[in-house]
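With chain A held as given, fit chain B onto it using these hints.
Number of protein chains: 2
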Amino acid sequence: MSQGPDRTADDDVRIARTRRDVGLAALKVLTEEGGDPLTHARVASEAGYSRTTLYKHWPARVDLVTLALESVGRMPHGRRTGDARADLVAELRSFRRAIVDARLDQILMALAQWATIDEVAAIRDSIVEDGEGVARAILADFASGDELEAAVAMLSGVVVCPALMYGTVPSDVVIDHAVTIVLKAFGVIPVGQAST
Amino acid sequence: MSQGPDRTADDDVRIARTRRDVGLAALKVLTEEGGDPLTHARVASEAGYSRTTLYKHWPARVDLVTLALESVGRMPHGRRTGDARADLVAELRSFRRAIVDARLDQILMALAQWATIDEVAAIRDSIVEDGEGVARAILADFASGDELEAAVAMLSGVVVCPALMYGTVPSDVVIDHAVTIVLKAFGVIPVGQAST
Chain A
90 MSQGPDRTAD DDVRIARTRR DVGLAALKVL TEEGGDPLTH ARVASEAGYS RTTLYKHWPA
150 RVDLVTLALE SVGRMPHGRR TGDARADLVA ELRSFRRAIV DARLDQILMA LAQWATIDEV
210 AAIRDSIVED GEGVARAILA DFASGDELEA AVAMLSGVVV CPALMYGTVP SDVVIDHAVT
270 IVLKAFGVIP VGQAST
Chain B
90 MSQGPDRTAD DDVRIARTRR DVGLAALKVL TEEGGDPLTH ARVASEAGYS RTTLYKHWPA
150 RVDLVTLALE SVGRMPHGRR TGDARADLVA ELRSFRRAIV DARLDQILMA LAQWATIDEV
210 AAIRDSIVED GEGVARAILA DFASGDELEA AVAMLSGVVV CPALMYGTVP SDVVIDHAVT
270 IVLKAFGVIP VGQAST
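Protein sequence lines correspond, in order, to chains A and B. Note that the working numbering has the first sequence beginning at 90, numbered continuously upward. Note that the working numbering has the second sequence beginning at 90, numbered continuously upward.
Looking at chain A on its own, in the form it has when it is part of the complex:
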């Protein structure tokens, strides 16, 4: 076979396409069926490629996990209005939507289970940084250091914990209360004021 520059460009395009197809198929299996069925056989069938192709490029199961996680899109963030309460509520609703629509909870659980592997841990850090970055930036106007860490984890928690612990997501009212609790503690909203 020719090894000329045209051939190489074709190869590159084909490999990139295979990678994208298999990555999206792996992510689909992971989010719709869980981490358990994320096998070469299942992903090959979902992607419409042979198992041989998958084993050649991604020999271990962790390679499939990594590929799936690399295919996770960025979480959509709203434009900040400068109203901390409204902006935090909008962020938590986006996070809730990502759990319902993109099964971000399944993705986070797969990340946690495989994060002993450095490559997966790096992807997790990037997804988490993207996910909570806007909320962190808003809260940084009112708190810093360990107090900021606590507030960020608490607001992530109001969305993640119901998903993990009750198999549900919080209502608008629960999200409003969570944001109000943090902003009351930081002196942004007077404590006497009703929460919602």
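Repeated chains share a single entry, so a pair holds when one copy, or any two copies, can fit it.
SDA-like mimics (lysine to any residue), calculated; alpha carbons at most 20 Å apart, straight line:
(1) 117 with 202
(2) 117 with 162
(3) 117 with 205
(4) 145 with 105
(5) 117 with 107
(6) 117 with 159
(7) 117 with 209
If you're looking for bench data, these hints aren't it; they were derived computationally from the structure.
Structure of chain B alone, referenced to chain A:
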């Protein structure tokens, strides 16, 4: 073989022992190695029973998951002193200890992944109720309804989210801040006061 009452009592003892042994072995595999290796072969080898015995009593993988989860002990709770701040801090530290020592995070993730099955969902509800019951009771002195739900999820979140999102657990100082944030919002601690 005799089917008399003595024989039956022996059988009962043996079945109960097998159930306990296999349950603890399944829980050990789940918490030390994750949900993925929780297979009949792996649990049989860990428990020192034959695969045939396991398949006979617990034919499906979900049966092994259920058995493992039934073997989860109750989370230790401290005695309430009446000081909401101290009692909540003690609860969150117990929760943190359960994540480090008993890998409660792995257990929660397995519960979440299998909770579409009613039997697993029932076990999850019982573990979660036990886990957050004391914190909920303390907070119920200051809040109710959706505001109480938000506060409970936020305090669980300050422990669960770092485990899930950064592969770590919160420091004492972060836990103190989280409790202070909630109690400030509820008017128990003055907002002007330093957090820790």
